Structure formats: C-alpha cells, structure tokens
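Engineer: So the protein sequences, as listed, match chains A and B.
Just so you know, the working numbering puts 1221 at position 329 of the first sequence, and the rest follows in order with no gaps.
Just so you know, the working numbering puts 1080 at position 188 of the second sequence, and the rest follows in order with no gaps.
Note that identical chains are pooled: a pair holds if it fits in a single copy or bridges any two copies.
In the SDA-like style, the derived pairs of lysine to any residue whose C-alpha atoms are separated by at most 25 Å in a straight line are:
#1 Lys1036 x Gln915
#2 Lys929 x Asn1030
#3 Lys1126 x Tyr1161
#4 Lys1036 x Phe942
#5 Lys1054 x Thr1118
#6 Lys929 x Arg941
#7 Lys1126 x Thr1053
#8 Lys920 x Gly1208
#9 Lys920 x Asn1206
Calculated from the structure, these hints are not laboratory results.
Since we're looking at a predicted model, the values are computed, not measured.
2 protein chains.
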Amino acid sequence: MKVAVMGYGTVGSGVVEVIADNQELIAKRIGEAVEVKYILDIREFPGDRFEDKIVHDVNLIMDDPEVGVVCEVMGGVGVAYQFTKMALERGKSVCTSNKELVAKHGPELLQVAAANHCSYLFEASVGGGIPIIRPLNNALTAEKIEMITGILNGTTNYILTKMEREGADFADVLKEAQEKGYAERNPEADVEGHDACRKISILSSLMTGKTVNSEKVYTEGITKVTASDFVYAKAMGRSIKLLGMSCDQGDEVQVMVAPSMISNQNPLYMVSDVFNAILVRGNMLGDSMYYGRGAGKLPTASAVVADVIDCVKNAGKNIPCLWSPEEAKIADIAEVERKFFLRVSASGMDAVKAAFPGGQVITVEGREDAGYVTASVKEKEFAAKCETLGDVVLSKIRMGE
Amino acid sequence: MKVAVMGYGTVGSGVVEVIADNQELIAKRIGEAVEVKYILDIREFPGDRFEDKIVHDVNLIMDDPEVGVVCEVMGGVGVAYQFTKMALERGKSVCTSNKELVAKHGPELLQVAAANHCSYLFEASVGGGIPIIRPLNNALTAEKIEMITGILNGTTNYILTKMEREGADFADVLKEAQEKGYAERNPEADVEGHDACRKISILSSLMTGKTVNSEKVYTEGITKVTASDFVYAKAMGRSIKLLGMSCDQGDEVQVMVAPSMISNQNPLYMVSDVFNAILVRGNMLGDSMYYGRGAGKLPTASAVVADVIDCVKNAGKNIPCLWSPEEAKIADIAEVERKFFLRVSASGMDAVKAAFPGGQVITVEGREDAGYVTASVKEKEFAAKCETLGDVVLSKIRMGE
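Put together the whole structure using the sequences plus the hints.
Structural biologist: Listed below in structure tokens is the structure:
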C-alpha cells in the first residue's frame, strides 16, 4: 500500500520518519508493507533524506491508483479541505492531525468518506499521540459517555506548570516559552483557549454523536491567571489547569474551556508540563484517563501512522464514526451553577462576603490580598455581582472537582 | 446477533446487565441489536431478572447457530479452557475476563480462533475496564513498545493506599479490606503478586509478540511492606506501589512484579485506592498512560461487552493478535542493576554503609531506625550482602523511577 503525505512541516516529516523507521515492525503487524510514495509541499528540500519523493502537483497523488491513503498534515481549512475532499471522493482514505479542519468540516468529510468506501481518521487531532479517539469509537463502545474533561493544550499546561513551580507571572513565562520554541510567536490560539476549544468540540461531537460547533463554545484562556492565584490554589491543595469540559445532559451538552482550580484528588492534578490528559466518565466504567504527549513531531506523527495502518487493514471499506452533521444544542453557560474562587483586595472582603454569602475565606500569611471561595452560584449571577464589586476583585477562577 | 454468557458470577451478571441497559446505544453504534440468549451456570437463580435465560447444558450454546459470541467469565483453567476451545472450534468468538486462562493458553486459543475465522478477545483480562489491550493491538501500532509498567491489582493498591494514608500496618488493613469485601478471604493471589504477574505476562507477550511464561516471572508481593517504610518513602517524596514491570531488550525481556518506591514525578504516583494504571513507553510516542477502575463488576463487564461489539462488527472474520506460542527469553533478574531502599536498625547503619558504599542516609526525626538508599548494585550482589547483614536490615524495597 502506498501513502502520500500532504505537507512536509513538523508533523509531515515525522510521519515520513515513523513509516520509514518502524517499517519492518509495521509490515509484521499488518502483513503488508506500507511505503510513502509522494510528499506534497510547495517548497523544495534539497539534500533531504526523502528529497526524491517531494512533488508539487496534487494531481500526481490524486491520479495515482497505487495511493490508497493520504496523510493531510498541512493545517488550515482552505486548501487542506479541498485536497481532503478530493482524495476521499476518489476513494483514498485520509488521516489527519488538522483539528481545525476536523472541528469545522468533520461530519461532512466523514459522509464523503462513507459514500466512497474509504475512511477519514483523525486520532492525531486531539491529544497528539494519546489514543483518545479510538477509545471513544472502538473501546468504550459499551459505555454511555457522560462527561469528558481534558487538559488539551500542551503550551498552556507548560506555562501554568512553570507559573506554579517558579511563582512567575504569565507574561514572563510566555516570553521564555516563546524563546524556547514551546510557544508560538503568535500564541493566541493556545493561550486564549481556541486550540483547546476545537479539541473539546471534537470530543463532545463524538460523545453526543452530533456536531458541537466550536464557534459556539464559551472559551476563556489563561492570560488573566496570576502567580498570586497559584499561592491560594496551593494553600487549598489545588492547582490551576486550563480544562476543556463537556457534559452530556441528554437534550443538550454543557461545554466550555476555562481555567479551573482542581483538587489534588483529581487525576488531572498531576498532569504537568507539555503533557495532556483526557478524563472520560462512562455510565458503567466510571472514570478512565488517557495521558501522554499531546504535541510534538513524533508523538503526533505516530498517531497519524496508526490511522494509516487502520486504513490499510480496512482497505476498500469505510471505518464508521458516529458523528452526524446535526448540531447539538449547547447549554447556556449563564445558567450553570458552580463555586468560584475570588482573589480580593484587603479592603474588599466585606463587600465580597456580602455579595456571596456562605463562602469561605482563605488567608495566606504575609499577603495583603485574600482568597474567597463562594457557595454554588449561577454563572450569570456571579458575573453580575463581580461587575458591581468592581476593582476589589483581583482574580476570579472557577472551582473544579 | 445472539450472545451466550458462561458463568453468572459478578462479572457475568455485569455483562448481562450492561448489554441489557445499554442495548439501544449499542444497537445505534453497530447498526445491529445484541442480545443475550443463554446464561450458563450450574446454579439456579430463582427470581432473577434474567432467570429465563439460565441453562445448565453447554451443548445448548454450542449447537445453536444463532449464538455468534460467547463470553467466558467463569474463571479457572479447566472447564473454562475446554468450553472456550469448543466454542472457537465451532466458529463462535469468545470474549473473556479470565486472565489466568489467557496467561496460560492465550497463544493456543488465538490460533484456534484464527483457524476458525472467529476471534478470541481479552480486553477485560488486564486493567478491568481500562482499554489497554486495544491500545497495544490497534492504537500504538506505529510504535515499537519498549517498556510497560503498571499498577495492575486493585486490592493491593487499595491496601498500600490505606497503609500510606493511615500509617496502618499490612495485616490490619488486609483484615479491614476483607471485611469490606475489597479483598478475598483467600488473598494470596492478590497480596503475593500472582494476579499482577499474570497481567504483566499478558502485556509483555503482546509487547514482544512471543509468550512470556508467567510461571517464570520473578514475583514478590506486598506482605513485607510496613507502615514504617511509608514514613521514609514520604520523607523522600515517594510512594510504594506494587508494580508489574516489563522491558523489551531485543533478545530478551526483563519482567518482574515487586513493590517499588516511585517518585512523585512518576505519573503512577497518584494512582490510589482500587484504581489501576498502565504506563507504556513507545519509541516514537514516549510515555502514555491508561488509568481507570481495574476491577469491579460493571467496569470489567463493560470491557467484555466492548469485545463482544468488536466480534459482532467483525462477524465471520478473525481479529488478529500478534502473540505467538514461541517462548520469550526472560532476562535473569539476578544480573539487573538498580538502587535499593533499606530500612536499618540504629546499630546497623555502619555495617550497611560499609556493605553498600556511595549510598544516601535518610533520617526522620523521632525514629530509632533509619533509611538508606544504595548506589546502583546488581540484584544478586544486593541479596548476598543482605544475607550477610542479617537482622539489622528491617526492610528492603526496590527504588523505581
């Protein structure tokens, strides 16, 4: 079986490398050799180990009947969408790491694949190398999945871990992360939570079988989290993590991305640095968790190649995926009740207590501010009261499990 | 598709329950209804919800062409082996939670299944409801798996967690666990590590593709771990866990079951109570971890039913599994080098330091004994020197990552 790789960037070169370096092992596992025949990129790569496979014309791939699987690792939702659809329409399976495209056009592309007896697989789009799409589609098939909560973005988890361990502030850690290449020069997609939002939307779609539109998901990043907040988190035996949270409530799905103060009894508590983890709650199994490297060249490539192998094993057949184009109804976050953590200036505590009765004051020696954990309160009520309280509220973070 | 369940004990009744309660969901996922037609048990169950399905004659199942999948949840390696083989020979797929049988006859039964165009699946045999067999067989297919380390037994993890949190001693916690039903009246299989041994042998077989004979695996239980050892573990930021450890070294596989002092940076550190977790190291992906309930009626049943669903989806076909009857060469543990923790009586520290130069003394205020962590030393050398040191060595536990 011949494979084409579209996009020779970080993940693309990883895919070619994994297929070449684990070739013997893969052939043994599936009883058939898998080989990359074309690498599509607009650039030239003189001196590259796989220079002879580089092509610039997508039609070479589309017109070659030997090519049964195409890896789309270009990114974006323009040309990538066009090429993916073209390949599927010709009965070539497509494996991708492109979460933006999966979140935006997943159900449509799955339908095109099914109609053409080939597959559209996207294990690498969430959690990098962590097998999480497969558990939802193939392993937890006897389960009604009720809740998915995940640390889905390695960059923000790295930043939060550094802030926690070193007491450093967000801007400084971000700058350092950018210098080291752990964060992009243009970090919005990560730090504002958009990347995590796409991923939780994909997982929520698989949970409900309908389409959770990522553009309608409430999303809050980590830019307002401060080193001071971690002082109070620690005092409570907690940590602050950027979570994608999704809960199937039957008629509607409650889904959001936001920083959350989680307890040290939560298995996500110990997920540090660039690691990702996804906690899945099923009606029979209870909690299970999937942990690993959520990004990086080889981990992500390994997930793409695992999908390639599935396509080879199922050549000429569609691997079904229950994700219909029908939009899932997203619950109104304003109506959700929960506890909140507030960091409050010394002068403001009385007003905060009056606004949110029945909460708990957290003090840390030597500090001028103080912490306050509210009783359960509706999001909209919380927001309105914080508005009234004004400047005395220094930070606000949702409390998690 | 009709299913037969052999053995109506805890897991068996869970399987029947999961299939009945998630029936609609399962039918939607696979486009076909799955229904239990027979429950085989020697006992009667008057008044049971599924009383009408109880049968006592295995031939009813074997001779019924409607039955395509059989769940073997009887346990043991006698009748269970005989019935499993009989079903496979008639082209009926078998799904099991019986780790003893899988560890002992896995490769043979896989061959019988392949020869008869049906499948032998055993997701529930390791890690209860945690999908771990599937990642190894279907998700991490692009990976060369180099190492597997797991907390594979819920009873011992529960006991160790209680000892750690309450400072209680093994015997007391075991007694309490037995009263609560968390440990069996005859607890040897758990506390002596035999159960974990079978599971790490199964995982090692899947890692190497050969048969790792569980009877040849060095196995040490938790009966010698004391509350005092946890005091020193805590002082070092560590915990004590019963680990199944396996490492593919190409020509041979290094595998053992033993208590290990692991650091709080190890993702297995936070796995408490009855939870299990398996850490898998691949050559591309690095570390990934699978966490969840390793035992219990519904979690284990959920894994069996996930296998049933796979069999239904692959009716008339063998789901391949790379596990040959050829025995893997097991490395001689005596030659392995590692660090050890010793708890030493006050009078013995000088002798211990002299026997194991270059180590580190750990003291805890108010205690008469002391801790010592050796430099790297071969297992056989360590054992010989401990023999010579005699009574001054109060405890010895391997240091882990």
